[in-house]
Structure formats: structure tokens, C-alpha cells
Amino acid sequence: MAQTKSSVNGVTASLYAIIEEIDDDDDDVIEVTIEILNESSEDLWDIRGDIRAMDGAHAHPLSAPTRIESGDFGDLTFWVPSDTGAWLFKIDYNTDAGHGVVELGPFTNDLRITPVARAPQQKKGKKKLQQTHGSEGDLLASAFGSALEGFGVEVEASTSELQIDAGSSDPIQAAFAGGLLQSQQTNPTEVIGTPEPNPPSIISQQPPISPPPTNLFTSPSPSSPPGPPSSPPGPPSSPPG
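Going by numbering that gives the first Met the number 0, the residue at position 11 of the sequence shown is 10; the numbering climbs one at a time, nothing skipped.
It is worth saying that the hints were derived from the structure and are not from the lab. A portion of the hints provided could be inaccurate.
[To be verified] Ranges between beta-carbon positions, derived for each pair:
#	residue 1	residue 2	range
1	Arg66	Glu20	22 to 32 Å
2	Gln2	Arg117	14 to 24 Å
3	Leu61	Ala85	13 to 23 Å
4	Glu38	Thr113	22 to 32 Å
5	Asp23	Met53	23 to 33 Å
6	His98	Gly166	52 to 62 Å
7	Ser6	Ile163	52 to 62 Å
8	Thr3	Asn93	21 to 31 Å
9	Gln162	Gly97	50 to 60 Å
10	Lys4	Asp82	18 to 28 Å
11	Ser168	Asp49	49 to 59 Å
12	His98	Glu38	10 to 20 Å
This structure is a prediction, so every number in the text was calculated from the model and none was measured. Think of the CB as a built atom: it goes at the ideal place given N, C-alpha and C, for glycine as much as any other residue.
Please build the complete structure, drawing on both the sequences and the hints.
Right, here's the structure in full:
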């Protein structure tokens with residue numbers, strides 16, 4: 000049996016599936032699916048696929064891509080009569096570099112290939128584009144990180160550091176640093192000290208002192224001491240004359 004895969008200049012044609020099917024006229028046919036993988040650096044366009052039987056009959060594709068980009072793949076599907084003795088596949092295509100042809104076969108009509116799940120293909124162009132975006136994202140992150148380092152934590156960046164960043168070869172980093180440096184020179188940042196919290200009030204745990212009880216009864220004031228005794232009476236007066 001012929002090889003089920005063939006490559007020319009980075010373009011690979013592979014037999015992906017050959018199964019039994021019934022066409023629109025209820026005739027038995029074999030459905031042939033051929034995968035075209037473009038690993039070249041050029042896109043494929045003006046794609047023309049054909050299956051030719053040994054008796055001279057041709058089967059044109061039921062479905063085929065109009066263009067296969069570099070790093071991408073596409074499928075061509077054909078219906079071939081079951082009574083075909085043998086057949087071979089041929090694909091013609093154009094690229095910016097010129098014309099190309101890939102052939103497979105011949106294969107007998109009793110060959111069957113069950114389709115299997117294919118791993119997702121990554122396009123080279125897409126992959127390169129993703130890497131480019133990732134590099135741009137890293138440059139932006141680096142610029143933001145260098146120019147705004149400590150943002151939200153430090154109130155003011157060092158003037159000498161900003162002057163160094165302003166002279167950086169990275170235009171984004173230099174622009175951010177220059178803007179911050181100009182902002183500091185125009186409106187110097189005031190550093191406001193954090194007020195110290197007031198000490199908590201200390202509440203005395205001693206019970207309140209009760210006032211002395213009021214005396215409801217008034218004590219009598221002491222009387223003055225008695226004076227000295229009176230002098231004794233004098234002698235009797237003389238009798239009247």
C-alpha cells in the first residue's frame with residue numbers, strides 16, 4: 000500500500016478518514032477526507048483538489064478550504080464510487096513563491112480509515128502574534144512598575160531616581176518619570192503627620208464618697224459658768240436719833 004502521508008516544501012497531505020457512506024442518489028460511496036497541513040512560511044491559495052480513479056473518472060471535493068494560512072490546516076472531502084478499483088489524490092495550489100503540487104496514492108477501494116480525534120493545531124502566525132502581545136504587555140508592566148513603584152505606599156518618590164528614569168531609553172518609562180518629576184516640582188507634596196491617638200480615659204474604680212450624715216438633733220449650747228458669790232450684807236445702820 001502507498002504511503003498515507005506525503006510532504007513537499009512544508010505542505011503535507013495525509014489520509015485522515017475513509018468511511019462508507021451513501022450519496023444523495025442512495026448509491027454506495029466511500030467518503031475520503033484528506034488533511035492538508037501547511038508548515039511552510041507561505042499561505043496556500045487557489046487550492047484545487049482532485050481524486051482520479053484508475054478508469055479515468057474524477058471526484059471533485061464536496062468541501063475544501065479556499066485558503067490555508069501558514070501554520071494552519073484544512074480538510075478536503077470527496078465521495079468516490081465504491082466500485083472504483085483504485086484511486087489517487089492530487090492537490091494543486093499557489094503561493095506568493097510559486098506553484099506547488101502534492102500527490103497521494105494510489106489506494107485500493109477496500110481501504111478504510113476510522114477518523115480519530117485530532118489535537119488542536121496552533122497557528123504559527125497566531126502564536127507569533129500572541130508572543131508579540133505578551134512582550135508589549137511586559138514592557139508596559141515594566142514601565143508602570145518602574146515609574147510608579149511604591150504608588151499608594153510611598154508619598155513621594157526620590158527625585159534622583161525619577162531623574163534617572165526620565166533619562167531611560169524606554170520612552171514609556173521616561174514619559175512617566177518625567178511627568179512625576181514635573182508634578183513634584185510644580186506641586187510639592189505635603190507630608191501630613193498622622194495624629195497620635197488620645198490616651199484612653201481612666202475611670203476610677205473606687206466607689207463614690209458619701210457626704211457625712213446630717214445630725215438631725217441640735218446639741219444644747221453649754222451655759223455660761225455662774226459668777227462669784229455676792230458680798231455679805233454690811234453692818235446694820237445706826238439707830239435713828
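Cross-check of the supplied hints:
For Arg66 and Glu20, the hinted distance range of 22 to 32 Å is satisfied, since their beta carbons lie about 27 Å from each other. About 19 Å separates the C-beta atoms of Gln2 and Arg117, a value consistent with the hinted range of 14 to 24 Å. Remark: the range hint 13 to 23 Å for Leu61 to Ala85 is upheld by a beta-carbon distance near 21 Å. Range check, Glu38 to Thr113: Cβ separation about 25 Å, and the 22 to 32 Å hint holds.
Distance hint check for Asp23 and Met53: the Cβ-Cβ separation is about 25 Å, which falls inside the suggested range of 23 to 33 Å. At roughly 55 Å, the beta carbons of His98 and Gly166 sit within the given window of 52 to 62 Å. The beta-carbon spacing between Ser6 and Ile163, approximately 54 Å, falls within the hinted interval of 52 to 62 Å. Under the hint 21 to 31 Å, the C-beta atoms of Thr3 and Asn93, about 25 Å apart, fit the expected range.
The hint said 50 to 60 Å for the Cβ distance between Gln162 and Gly97, and at roughly 57 Å that hint holds. Between Lys4 and Asp82 the C-beta distance comes to about 26 Å, which sits within the given range of 18 to 28 Å. Evaluation of the 49 to 59 Å hint for Ser168 and Asp49 yields a pass: the beta carbon distance comes to about 57 Å. Between His98 and Glu38 the CB atoms are about 18 Å apart, so this pair conforms to the stated range of 10 to 20 Å.
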